[in-house]
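Peer 1: Let the hints inform the model, and build the full structure from the sequences given.
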Amino acid sequence: MSEKATILVQLDTDAQPSVFDRVVAVDAGVQHLFSYGGVSPQTVMPLVHGCIFTRGGKDLARTAIFIGGSDVTAGEAVLSEVKKHLIPQYGLSVSVMLDSNGSNTTAAAAVRAAGRHLDLSSAKSLVLGGTGPVGQRVARLLAKVGGHVRIGSRQKDRAEAVCAVIRAHIPGANIEAVSVSSSTDGPQALGDRNLVVAAGALGVVMLPKKLWTTAKALRVAIDLNGVPPAGIEGIELNDKGVERDGVISYGALGIGGTKMKVHKAAINKLFETNNAVLDIEEIYALALHLQ
Amino acid sequence: MSEKATILVQLDTDAQPSVFDRVVAVDAGVQHLFSYGGVSPQTVMPLVHGCIFTRGGKDLARTAIFIGGSDVTAGEAVLSEVKKHLIPQYGLSVSVMLDSNGSNTTAAAAVRAAGRHLDLSSAKSLVLGGTGPVGQRVARLLAKVGGHVRIGSRQKDRAEAVCAVIRAHIPGANIEAVSVSSSTDGPQALGDRNLVVAAGALGVVMLPKKLWTTAKALRVAIDLNGVPPAGIEGIELNDKGVERDGVISYGALGIGGTKMKVHKAAINKLFETNNAVLDIEEIYALALHLQ
Amino acid sequence: MSEKATILVQLDTDAQPSVFDRVVAVDAGVQHLFSYGGVSPQTVMPLVHGCIFTRGGKDLARTAIFIGGSDVTAGEAVLSEVKKHLIPQYGLSVSVMLDSNGSNTTAAAAVRAAGRHLDLSSAKSLVLGGTGPVGQRVARLLAKVGGHVRIGSRQKDRAEAVCAVIRAHIPGANIEAVSVSSSTDGPQALGDRNLVVAAGALGVVMLPKKLWTTAKALRVAIDLNGVPPAGIEGIELNDKGVERDGVISYGALGIGGTKMKVHKAAINKLFETNNAVLDIEEIYALALHLQ
Numbered sequence: 141m142s143e144k145a146t147i148l149v150q151l152d153t154d155a156q157p158s159v160f161d162r163v164v165a166v167d168a169g170v171q172h173l174f175s176y177g178g179v180s181p182q183t184v185m186p187l188v189h190g191c192i193f194t195r196g197g198k199d200l201a202r203t204a205i206f207i208g209g210s211d212v213t214a215g216e217a218v219l220s221e222v223k224k225h226l227i228p229q230y231g232l233s234v235s236v237m238l239d240s241n242g243s244n245t246t247a248a249a250a251v252r253a254a255g256r257h258l259d260l261s262s263a264k265s266l267v268l269g270g271t272g273p274v275g276q277r278v279a280r281l282l283a284k285v286g287g288h289v290r291i292g293s294r295q296k297d298r299a300e301a302v303c304a305v306i307r308a309h310i311p312g313a314n315i316e317a318v319s320v321s322s323s324t325d326g327p328q329a330l331g332d333r334n335l336v337v338a339a340g341a342l343g344v345v346m347l348p349k350k351l352w353t354t355a356k357a358l359r360v361a362i363d364l365n366g367v368p369p370a371g372i373e374g375i376e377l378n379d380k381g382v383e384r385d386g387v388i389s390y391g392a393l394g395i396g397g398t399k400m401k402v403h404k405a406a407i408n409k410l411f412e413t414n415n416a417v418l419d420i421e422e423i424y425a426l427a428l429h430l431q
Numbered sequence: 141m142s143e144k145a146t147i148l149v150q151l152d153t154d155a156q157p158s159v160f161d162r163v164v165a166v167d168a169g170v171q172h173l174f175s176y177g178g179v180s181p182q183t184v185m186p187l188v189h190g191c192i193f194t195r196g197g198k199d200l201a202r203t204a205i206f207i208g209g210s211d212v213t214a215g216e217a218v219l220s221e222v223k224k225h226l227i228p229q230y231g232l233s234v235s236v237m238l239d240s241n242g243s244n245t246t247a248a249a250a251v252r253a254a255g256r257h258l259d260l261s262s263a264k265s266l267v268l269g270g271t272g273p274v275g276q277r278v279a280r281l282l283a284k285v286g287g288h289v290r291i292g293s294r295q296k297d298r299a300e301a302v303c304a305v306i307r308a309h310i311p312g313a314n315i316e317a318v319s320v321s322s323s324t325d326g327p328q329a330l331g332d333r334n335l336v337v338a339a340g341a342l343g344v345v346m347l348p349k350k351l352w353t354t355a356k357a358l359r360v361a362i363d364l365n366g367v368p369p370a371g372i373e374g375i376e377l378n379d380k381g382v383e384r385d386g387v388i389s390y391g392a393l394g395i396g397g398t399k400m401k402v403h404k405a406a407i408n409k410l411f412e413t414n415n416a417v418l419d420i421e422e423i424y425a426l427a428l429h430l431q
Numbered sequence: 141m142s143e144k145a146t147i148l149v150q151l152d153t154d155a156q157p158s159v160f161d162r163v164v165a166v167d168a169g170v171q172h173l174f175s176y177g178g179v180s181p182q183t184v185m186p187l188v189h190g191c192i193f194t195r196g197g198k199d200l201a202r203t204a205i206f207i208g209g210s211d212v213t214a215g216e217a218v219l220s221e222v223k224k225h226l227i228p229q230y231g232l233s234v235s236v237m238l239d240s241n242g243s244n245t246t247a248a249a250a251v252r253a254a255g256r257h258l259d260l261s262s263a264k265s266l267v268l269g270g271t272g273p274v275g276q277r278v279a280r281l282l283a284k285v286g287g288h289v290r291i292g293s294r295q296k297d298r299a300e301a302v303c304a305v306i307r308a309h310i311p312g313a314n315i316e317a318v319s320v321s322s323s324t325d326g327p328q329a330l331g332d333r334n335l336v337v338a339a340g341a342l343g344v345v346m347l348p349k350k351l352w353t354t355a356k357a358l359r360v361a362i363d364l365n366g367v368p369p370a371g372i373e374g375i376e377l378n379d380k381g382v383e384r385d386g387v388i389s390y391g392a393l394g395i396g397g398t399k400m401k402v403h404k405a406a407i408n409k410l411f412e413t414n415n416a417v418l419d420i421e422e423i424y425a426l427a428l429h430l431q
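Chains as they are written, first to last, in our numbering: chain A, 141 to 431; chain B, 141 to 431; chain C, 141 to 431.
In case anyone wonders, no lab produced these hints; they're calculated from the structure.
Some clues are possibly wrong.
It does not matter which identical chain is used: a pair holds within one copy or between any two.
Lysine to aspartate or glutamate pairs mimicking EDC-like chemistry, simulated, CA-CA at most 20 Å apart [said to hold, decoys possible]:
| # | residue 1 | residue 2 |
| --- | --- | --- |
| 1 | 401 | 199 |
| 2 | 401 | 143 |
| 3 | 284 | 259 |
Peer 2: Right, here's the structure in full:
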């Protein structure tokens, strides 16, 4: 019999499964996409069993699971539950990828872009909107590579919570929480930074132009906000490594091209084996190897 | 890279996305269909963003949105919200079609059929079930072409409300509401009419045979009820321009063939550009140009 | 025009439509799969109308309905409602298959396997977990063929209820309910049995090894539990007619291969005509004719 069709089972923690993730799956070449919304750990078991008990042997690599949705914490809980119901000791397993809100693929693409211009192992970074799904992952990757990372949030206690989570993953991470709620917070947070990444909510200008154009140490600015106005004022959606006032800048669509390649590469990697688990580290490693 | 697969994102305001619309999409040649039920204006934004932020340039024309469901008003609210989240000034847009309950395509097909036998600019029409999704659109098209239109309903105040909506779209529309609740209402409403269209609820006989066979001015009778018994007694499901007692008659399946062609043509039109908006007028224009 | 694509409309009574059934549908060659969760008799009508009013003539055989979900009774209610909305007298019909929780295909495969080693018309059987979706159907098929069947359950009144349902389908069925709640129940229930089938809940050992290896009349043991531990201790997932302590044994994956073939054959049968109804008897007949 000829090779079986590829099936991607999309487990989304939001009520409506992401259109974005579905389009990317189709464009990555997935033949059949089974999309589920409102997925929680309580509803995972039969979905996983349906993956592992239907195909046998090497055909199991033709089925895979994608976990998405706007809430990274919810996505991580689903991933953890998915793993419980795989039975790899009997060969009953499929590959799984976590990319809640595009957090892993966007973060990997953004950090890859920054790494082209800076030595990230010693760079000083500021992640604005660092408590959001993408911001958390950007901060985690930057911390892992070894530089000093500031996580900015309008609610400093939320930034502290994110720092704690990252330290649990990366003991000794060089990371701190800063408040960016008042007009004087910005300059202070940005002070000695070489890199700023804005990963905040849509429609919020997080960094006025006069602030970042006067930040002396700043070399790279990355804005991940896809809907105008830009999170970093003055950066254009399509910026991709252009220099603006001496700072190399990237807009959401500029990063988006790489993010798409990473996302599609990760989906295709799922179908190479039946036991891959693609989370932030694996996806970043994949990003580094892309052309 | 070769051309991307076509993707139709079906936004249905009912809990279960319409099987009917899905079958037609498949038969129109759509390659990937993403179906969402329970869509309301509150849930539209991420669905639209997923359409416009995934593909670039001319590939955006390979993604489109279809709005359906049994409630035309709810569908119109979703269409209005979809438009808010398109960003055409940045080229970030996809084509959209509204066809809640098949209202636009069925109405366009029915009025096209009537126009083959009558000069609609001067014809006198009665739309039974004129407050339903299809009836409203039939009445609106007939009013736009210029004839005199009566909207019949068992609840006259509901018919008055529909008249008000149509007048808002077509100032000076020659249109009136009539009650069809008692046994004497029917003959009176039908009196001088050249055309009667029945677009009422399933299983309700709206016009007994003895009534319409004695209506002197009547030339065309169209019954859009697809489940026996017929809404206009004596008309058969498959009638397509046959004469019955001197009246040219169409049944639901007789109109249905044209409706299907209009529906499929409209879906294919969506993929020609990334900025079409197909509502009743555009779909009727399309119907007139079909072979 | 060339032949239309095959469409399978999956009506699942669980909130999330079964991944298992979707994978099998894809592997059976279905081209488009429309999956609905949370289906109840109240939501069936428009789904059926969408099937029968979209394609005409012989193209209707290219659309079919599959009813699934974990609750057989709910699935039967949906099947009954689906039939009400088909209009075969006008040729407006599509084929339908019921396989809630794989009950029909698994039961057909299990009974077919048993029939290779035993004369089922005179065999004495015990069905453990006989009140579950699969167990009910196994018992019904065995009763129909004519042997004596015991339905074991930890709650004897539930087993009595299943007996009543089976007697309603098969008048004079040679069937009885037994309790298997205490440690002495097992040996008594198993006493003179030639066949034991375990179809209980996941993770529950229903029959300890020392019990069945000392049951003198026992010739065939079938365990339908797909997740370790086995429901019949000592039987392996992949057992397929191997002898263990003098008993021919089948595990869930051993039966599963046949179940898959039956399941796929049934789906393909749906697309041969537009009026087949595939329930347990039709699916068992199909199983008997497979190579």
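Peer 1: Indicate, hint by hint, whether the structure satisfies it.
Peer 2: Going down the list of hints, with the structure as the test:
no.	hint	result
1	401 / 199	between (25 Å within a copy, 16 Å between copies)
2	401 / 143	between (25 Å within a copy, 17 Å between copies)
3	284 / 259	within (13 Å within a copy, 67 Å between copies)
Against the hints set out earlier in the document, no violation occurs for any number.
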